[in-house]
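Participant: Quick mapping for you: the protein sequence lines, in order, are chains A and B.
Count the first sequence with UniProt numbering and you get residues 1 to 626, in order.
Count the second sequence with UniProt numbering and you get residues 1 to 342, in order.
I should point out that these hints are in silico values taken from the structure, not numbers from a laboratory.
Heads up, the beta-carbon is just placed ideally off N, CA and C, and yes, glycines get one too.
Treat the hints with care, since some could be wrong.
As the list claims (entries may be wrong) - Rough simulated footprint, nothing fancy, chain B against chain A, three-plus residues with beta-carbon under 8 Å:
| # | stretch |
| --- | --- |
| 1 | 242-250 |
| 2 | 259-266 |
What the hints assert, rightly or not - Derived DEER-like restraints, expressed as beta-carbon distance ranges:
| # | chain 1 | residue 1 | chain 2 | residue 2 | range |
| --- | --- | --- | --- | --- | --- |
| 3 | B | 231 | A | 202 | 40 to 48 Å |
| 4 | A | 494 | B | 211 | 49 to 57 Å |
| 5 | B | 252 | A | 169 | 56 to 64 Å |
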Amino acid sequence: MATAFNDVFETQNNQPAEAEAVVVRFAGDSGDGMQLTGGQFTLSSALSGNDFATFPDFPAEIRAPQGTTFGVSAFQINFGSVDIETAGDEPDVLVAMNPAALRTNIQSLKKGGLAIIDTGEFGARNLAKAGYAVNPLTDDSLAQWQILAFDISAQTLAAVKPFGLGNKEALRCKNMWTLGLALWMFDRDRAPLIAWLQSKFSKNPVLAQANAAALNAGHAYGETAEIGGPLKQYHVDAAVAEPGYYRTVTGGESLALGLVAGAKLAGLEMFFGSYPITPASPILHNLARLKEFGVTTFQAEDEIAAICSAIGASYAGQLGVTSSSGPGIALKGEALGLAIITELPLVIVNSQRGGPSTGLPTKTEQSDLYQAVYGRNGDAPLIVLATRAPSDCFDVAIEACRLATQFMTPVMVLTDGYIANAAEPWRVPDRAEFHAFPVDFDAEPDADGRVLPYARDPQTLRRKWIKPGTPGMMHRIGGIEKAIDTGHINYEPANHQAMTDIRKAKIDGVANFIPPQAPEIGNSKGRLAVVGWGSTYGAIRKAVQRARAKGLDVSHIHIRHIWPLPANLGELLRGYDKVLVPEMNTGQLKTVLRDQYLIDARPLNKVSGHPFKIAEIEAAIDGMLG
Amino acid sequence: MNAMTPITRPDEWATDQEVRWCPGCGDYAILKAVQRTMPDLGTARENTVFVSGIGCSSRFPYYMETYGFHTIHGRAPAVATGIKLANPELDVWIVTGDGDGLSIGGNHMLHLLRRNLDVQLLLFNNEIYGLTKGQYSPTSRTGTRSPTTPFGSVERPLAPCAFAMGAGARFVARTIDTAQKNMPEVLKRAHAHKGTSFVEIFQNCIVYNADVFAAFTEKKNAADNQLWCVHGQPLLFAGGAKGLRLNHETVELEVVDIAVGDTTEVLIHDETNRVQAQFLIDMPFGPFPMALGVLYCDPATSFEVAVESQRNRVVGDKVADFNALLRKGQSWEIKAKELRAV
Chain A
1 MATAFNDVFE TQNNQPAEAE AVVVRFAGDS GDGMQLTGGQ FTLSSALSGN
51 DFATFPDFPA EIRAPQGTTF GVSAFQINFG SVDIETAGDE PDVLVAMNPA
101 ALRTNIQSLK KGGLAIIDTG EFGARNLAKA GYAVNPLTDD SLAQWQILAF
151 DISAQTLAAV KPFGLGNKEA LRCKNMWTLG LALWMFDRDR APLIAWLQSK
201 FSKNPVLAQA NAAALNAGHA YGETAEIGGP LKQYHVDAAV AEPGYYRTVT
251 GGESLALGLV AGAKLAGLEM FFGSYPITPA SPILHNLARL KEFGVTTFQA
301 EDEIAAICSA IGASYAGQLG VTSSSGPGIA LKGEALGLAI ITELPLVIVN
351 SQRGGPSTGL PTKTEQSDLY QAVYGRNGDA PLIVLATRAP SDCFDVAIEA
401 CRLATQFMTP VMVLTDGYIA NAAEPWRVPD RAEFHAFPVD FDAEPDADGR
451 VLPYARDPQT LRRKWIKPGT PGMMHRIGGI EKAIDTGHIN YEPANHQAMT
501 DIRKAKIDGV ANFIPPQAPE IGNSKGRLAV VGWGSTYGAI RKAVQRARAK
551 GLDVSHIHIR HIWPLPANLG ELLRGYDKVL VPEMNTGQLK TVLRDQYLID
601 ARPLNKVSGH PFKIAEIEAA IDGMLG
Chain B
1 MNAMTPITRP DEWATDQEVR WCPGCGDYAI LKAVQRTMPD LGTARENTVF
51 VSGIGCSSRF PYYMETYGFH TIHGRAPAVA TGIKLANPEL DVWIVTGDGD
101 GLSIGGNHML HLLRRNLDVQ LLLFNNEIYG LTKGQYSPTS RTGTRSPTTP
151 FGSVERPLAP CAFAMGAGAR FVARTIDTAQ KNMPEVLKRA HAHKGTSFVE
201 IFQNCIVYNA DVFAAFTEKK NAADNQLWCV HGQPLLFAGG AKGLRLNHET
251 VELEVVDIAV GDTTEVLIHD ETNRVQAQFL IDMPFGPFPM ALGVLYCDPA
301 TSFEVAVESQ RNRVVGDKVA DFNALLRKGQ SWEIKAKELR AV
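Work out the full structure, taking the sequences as your base and the hints as a guide.
Facilitator: Right, here's the structure in full:
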């Protein structure tokens with residue numbers, strides 16, 4: 001990514017310098033409001049017309065002890081006038097609200113980058129909590145960066161003094177002071193933020209005024225402190241974007257909207273049964289408010305009840321959906337088998353996080369691909385899709401609803417913690433742009449007067465969907481092997497062979513009803529294909545763009561349909577000399593590709609809880625083609 | 001349910017599937033009683049759904065000419081919750097056992113009762129695991145010898161009706177597999193009750209736990225040991241020769257012999273009285289008879305009704321404008337070469 005911040009010219013004639021793209025990271029204590037600051041800075045970027053990507057990175061503890069390194073909460077945003085695909089490899093600007101935030105984040109700051117530090121929090125106690133034996137502001141340990149250290153706490157207290165807040169409350173305005181400074185740095189309009197503060201604190205006008213005063217004071221500080229110091233003002237132009245209506249969207253929001261759209265397009269009401277789990281809960285939160293869209297949400301007593309209630313709703317004729325993260329998906333495993341054998345439509349969303357077990361609840365990973373594709377007892381195939389970015393969740397959710405209802409099968413959607421929480425601008429589609437895929441329930445016995453719930457559509461192998469309440473169509477289904485037509489209990493060897501074959505053939509056949517795979521970037525033959533899935537999309541795309549700019553023959557292939565894989569994928573991959581598969585796991589898609597196509601797919605793996613850096617993938621490409 | 005519901009016969013509620021329980025199993029009697037009761041409920045077969053988990057009892061749906069879902073172990077209440085919320089018009093019956101409902105599915109049972117979903121829940125209690133060949137269950141009495149407890153179980157058994165009361169059930173009843181006269185009445189009451197109707201049925205597992213309830217189910221023991229509770233009637237048994245009264249000093253129930261026709265001291269069954277129901281459920285068998293019939297019935301808003309009424313209240317006259325939903329929040333419009341906040 002072209003972060004041009006350090007290449008910009010000196011400020012001239014008091015005009016802000018121009019930058020193409022900038023990465024800023026706000027880091028502070030969990031209680032410092034860094035996520036809020038980042039979120040509002042994101043809004044400001046959106047309103048300035050910048051393209052952007054964000055990376056909220058927060059601890060699993062709700063309020064970790066103050067001042068500790070494990071209580072540090074950070075929010076990174078990459079914004080620019082050019083296409084932004086990731087939250088950025090290295091920040092150009094780091095705002096560190098205390099020693100712990102400095103210690104845990106300074107190493108990722110770009111060499112020569114600017115660190116803005118609140119010295120008001122650099123007392124002996126906080127330094128000790130962060131593990132600093134010596135105050136880093138007093139030795140030369142920060143020499144490779146530009147440091148702007150001053151007492152933001154004192155500045156804030158002075159700014160909000162007229163409002164008579166207590167010391168603790170007054171210091172809570174620090175994040176708005178910092179946001180004000182950031183708004184000045186990047187030449188932003190304060191008015192929308194002031195309006196937001198007024199609405200947020202509409203019940204407490206004093207707090208609204210105090211926060212606005214802090215914001216203004218931070219902005220004014222920038223104006224006056226500019227001369228002579230490392231602080232400079234930059235202007236990032238609006239990105240060139242397709243005309244249209246835009247909003248910021250996180251993966252959690254986008255997935256919820258996509259599910260609502262998907263159910264509507266199928267002509268069904270939606271039932272969403274879920275149990276709270278990080279980082280999947282935002283989907284439930286978002287849907288719980290949408291009752292007027294035919295959505296019933298049910299917070300079940302556990303993960304198993306969540307999926308079972310969704311299966312019950314699908315049986316009764318709604319579109320059942322459930323959502324969780326890896327540990328919860330593990331609990332749902334047996335019920336997934338029930339949905340597979342009863343061939344009911346079901347959408348299961350897995351917002352992946354670091355594993356195994358409880359693992360890293362708030363950190364991202366892609367290590368549930370095996371679980372999705374293979375993780376059940378018996379031969380139990382289902383469809384697996386993967387989202388690659390917050391806005392992409394919308395389209396993938398619709399695709400999941402389409403496949404679930406058209407094939408009468410569970411569909412698992414793999415998203416991840418990064419996508420769930422990250423925000424990006426999204427050009428909002430119009431309802432008219434969608435194609436409906438209405439469901440037909442079966443209400444009549446066959447020509448011979450028989451009720452055969454397992455009779456199939458010859459093309460898709462979809463079984464019939466008969467709603468309870470339909471006269472003359474009473475039948476029984478369940479988890480015991482079904483007779484091939486009536487669905488009655490049947491243990492006969494030939495029947496089990498036939499039913500297992502049919503279940504496999506049905507899912508395999510989905511490959512004929514999905515788009516063929518094409519490269520995102522590059523040729524469909526060549527020296528190297530970088531094959532990704534999920535949230536590595538942005539980093540791979542940028543790395544491949546850079547490599548191609550250097551003249552390397554490399555293509556980017558990004559797979560949405562994980563299972564079954566697109567029908568042409570094997571042939572496509574065989575057209576490249578080498579295949580590189582970057583994944584945030586130990587090589588799961590790589591194994592699937594090797595198994596399916598007997599190709600020498602090479603892994604590039606990272607499981608640090610943080611997304612890939614562009615440079616890491618770029619280096620791997622260089623290594624493969626060097 | 002509605003005037004159009006056709007009148008049916010018991011045999012029309014039976015499927016053509018061969019019943020696969022062991023000969024002599026108490027489940028046959030329960031199936032027969034249910035099939036006999038259904039025509040009297042005024043509901044249509046197509047609006048009826050039987051949902052079960054895993055275990056001998058859970059084969060039940062295959063034998064009912066209704067909609068049926070044989071789910072997975074312990075999870076029938078969860079599946080039923082989805083069914084009923086998706087279509088509250090359906091008449092949903094859950095069939096479970098002591099293992100399915102109180103061991104692997106205990107958590108779902110708890111929450112079903114707490115939420116008070118409008119379903120009938122028939123818990124076939126035979127105090128043993130049948131389908132897995134005779135291991136002790138959570139309701140097995142201490143000392144039960146089984147393949148997994150060759151020297152006798154050391155665990156204390158769970159009392160299903162006490163569990164139900166603790167979970168907040170609003171309808172608790174108890175009956176016996178062979179009680180062909182009384183069971184249909186209990187089932188009708190369960191069906192009429194809006195909310196979760198918890199019905200424990202003592203069921204004789206002829207293979208692994210035969211006659212475990214004989215002390216009160218056998219003909220010769222029945223009169224002296226069965227107390228059929230009827231709302232508004234004195235709590236009498238042994239052909240009216242004995243009754244239950246409350247000792248006000250110890251706050252305990254005690255058995256009294258009735259002097260000729262004088263029942264003044266005998267407690268009158270008040271099925272809406274939670275404390276009294278708890279007494280009837282908790283009284284130890286032996287010194288006391290087994291309380292049967294509708295022990296507790298005090299209706300409260302059922303879950304699906306609460307969900308629906310909240311939906312109606314919240315939705316009001318809101319129009320589901322999908323385009324507006326997509327554009328909610330922080331949005332802006334880019335026209336050709338122009339940017340403005342909205």
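Participant: Run every hint past the structure and note whether it holds.
Facilitator: Here is what the structure says about each hint:
1. 242-250: holds (count 7)
2. 259-266: This one holds; 3 residues, not fewer than the three required, reach chain B with a Cβ under 8 Å.
3. B/231 <-> A/202: 40 to 48 Å: 55 Å, violated
4. A/494 <-> B/211: 49 to 57 Å: 42 Å, violated
5. B/252 <-> A/169: 56 to 64 Å: Since the Cβ atoms of residue 252 of chain B and residue 169 of chain A sit about 58 Å apart, the hinted range of 56 to 64 Å holds.
In summary, the numbered hints that this structure violates are 3 and 4.
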